[in-house]
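The listed protein sequences correspond, in order, to chains L and R.
When the letters of the first sequence are read in order and numbered with this note's numbering, they come out as residues 1 to 347.
When the letters of the second sequence are read in order and numbered with this note's numbering, they come out as residues 1 to 347.
In short, the hints are calculated from the structure, not lab data.
Same chains, same label: a pair holds when it works inside one copy or across any pair of copies.
Below, computed lysine to any residue pairings styled on SDA-like, alpha-carbon distance capped at 25 Å: (1) 260 / 330; (2) 138 / 61; (3) 26 / 37; (4) 138 / 6; (5) 260 / 215; (6) 26 / 58; (7) 260 / 287; (8) 260 / 230; (9) 138 / 43; (10) 138 / 5; (11) 138 / 112; (12) 260 / 286; (13) 260 / 216; (14) 26 / 113.
Source: prediction; values computed, not measured.
2 protein chains.
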Amino acid sequence: MATMRDVARRAGVSVATVSFVVNDSKPVSPGTRLRVEAAMAELDFRRNAVARALASRRTRIIALLFPVLQHRLSDTAARFFTGAAEAASELGYTVVLWPVPNDSESLRELTSDGLIDGVILMEVQLDDHRVDQLLAAKTPFTLIGRNRDPSALDYVDVDFEGMVEQSIDRLQSLGHRDFVLLEESDRLELEGYGPVVRVEETFQAVCAERGLRGRTLRCAGTPAGGRTFASTLLAEAPHATAILILNDHAAVGFVSELGKLGVSVPRDLSVVLIGSTVEVSAMADPELAVMRLPAAELGRMGVETLVGRLDGTLGDLRHDLLMGGFHEGESLAVAPVARGGLGRASA
Amino acid sequence: MATMRDVARRAGVSVATVSFVVNDSKPVSPGTRLRVEAAMAELDFRRNAVARALASRRTRIIALLFPVLQHRLSDTAARFFTGAAEAASELGYTVVLWPVPNDSESLRELTSDGLIDGVILMEVQLDDHRVDQLLAAKTPFTLIGRNRDPSALDYVDVDFEGMVEQSIDRLQSLGHRDFVLLEESDRLELEGYGPVVRVEETFQAVCAERGLRGRTLRCAGTPAGGRTFASTLLAEAPHATAILILNDHAAVGFVSELGKLGVSVPRDLSVVLIGSTVEVSAMADPELAVMRLPAAELGRMGVETLVGRLDGTLGDLRHDLLMGGFHEGESLAVAPVARGGLGRASA
DNA sequence: TTGTACGCGTTATCAG
DNA sequence: CTGATAACGCGTACAA
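Please build the complete structure, drawing on both the sequences and the hints.
Put into structure tokens, the structure is as follows:
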């Protein structure tokens, strides 16, 4: 493998000059530049990233932290990753998905051995110890999501508040006044996951504000959990005519089971999936309305923010909220006011 | 950040000695070792991975190549990644998921800039240009999957042949003699994806051998594709009593639509999902039988093989085939011989 | 058992 | 505009 010295010798210049043309960090006369470029081509020169990193004290690598205990890397996370990768590549960085066990040691090692310039955190918890560790390690980072008090941190997050509000808007325009919000029970118990908390708070606030009936219920984040929940819903909230679901994995089972119980979507019940994808929505029958999670955009913005911080071109803190588009699907209909609720829906 | 020099000074030894205790690459007397360790602790010394890599000419980083065009990173891939990560960590390596655009330049850069020691390839195509590129670049790599002629390469792959055979065994023991294999149409057109080809060949061979009826059909790899396929099946293979599905994303829609058409699973049709997960199987109703893809194990073995190659502790080529466990689910039943096939199933 | 000194391939500084 | 040359932080013969 050819080094800069080889190229320099071949072109009859010094290594410094070669470096200048490689990075064009300094002006170089057209003549020598040509000679250097020729030499590089002839020798098939590839710059050594490790040496480069050692000398410049930056690797231009960004780690997207992936908690290894979390066994499901959703579609959403994949999109997020590719969005981030694209943006990084445009900015001269590369982002890699880095598996980090949940012990505190691994994160310290990762951030202190100099192999990465910065970190992007996803699946941020309300009280996330990783944030403190990164602050202590003085590693530049940005959040995808928010912890309890992110006011002093760079973050990009989904505008769950807006998404909930907009979903309710849409349903209200169809005459619905009696809502249920379905969340995932396991996640909440875990510690306090931002989206879950924020969605619930917004949901309750909006309902109160507008004089709507709003009830929050939960079930396990599995298809079976959703199935079981179908009858729970009929028992606990028979009058509801619309449901917002923040529980991807339960949604399909839930809707399928509803059908068996004689409840028709959307005739008897309108359904909106929050923060999911059209792919998931298409798994259900009928295809569900969904407020999409703007995954790729989040990834892109996360990287742009972090790179801005790394390159020093970012002065103030960045706090961005993004909303995903609304996909209508086949699960919305005018509220069945005349029918008297779910209990008699199929009668 | 403390360097080795700092530690050496503090402990009153030379940097070489510090290096010896850090890597224990040479015997060190208990006394000085203790002094060095104390100094390291006091100064909170962390070795610089970049300098280490430059000097030793190895980074101990393995890249798991992730094709960015592929927007769905399945559950399976996630498991695979975590399995690989675990194994790597035990062996003193770290594996990261590296996004690689599909242009040939990116892969060359990745492998020639010295940032990674080796590569693991997943989603290997029958004719995969990446293999040639890696060979040309002399980058150590192992395949998860197989290209057309992998005889000279290290690989770990799913034993699709065994899985198909075992599935047919099970169904045959229930009296089934008339099978359909459902594959994904898009993937095959793409180029020739190993699993698809191998499963089909095995399916046809086993059926021929045992005098069974076996028909291969395809549909799009989407829920909608599966739905459409339900009626296709009734038209094209009304006599079939069992179906093997190598099409994750279509399975749920397919089964759901079958129900609407009055075909009952498993009474009228037995269903086995091939190379998927219980999570996907649970999305369907009833829960499907599934020959699981041993994802985590594949990841683990892939890393073990590659590391063995990197460390030179692996003499011969490694060719490993793994089978996943069989999950019974609720989609298997005795063949409805008396009923005369799907066409009249619900009559 | 420990120390010296050089090399790894670039970048960056400073002089010309 | 170009060239020497000193870092960058660590591994490792070789010498002591």
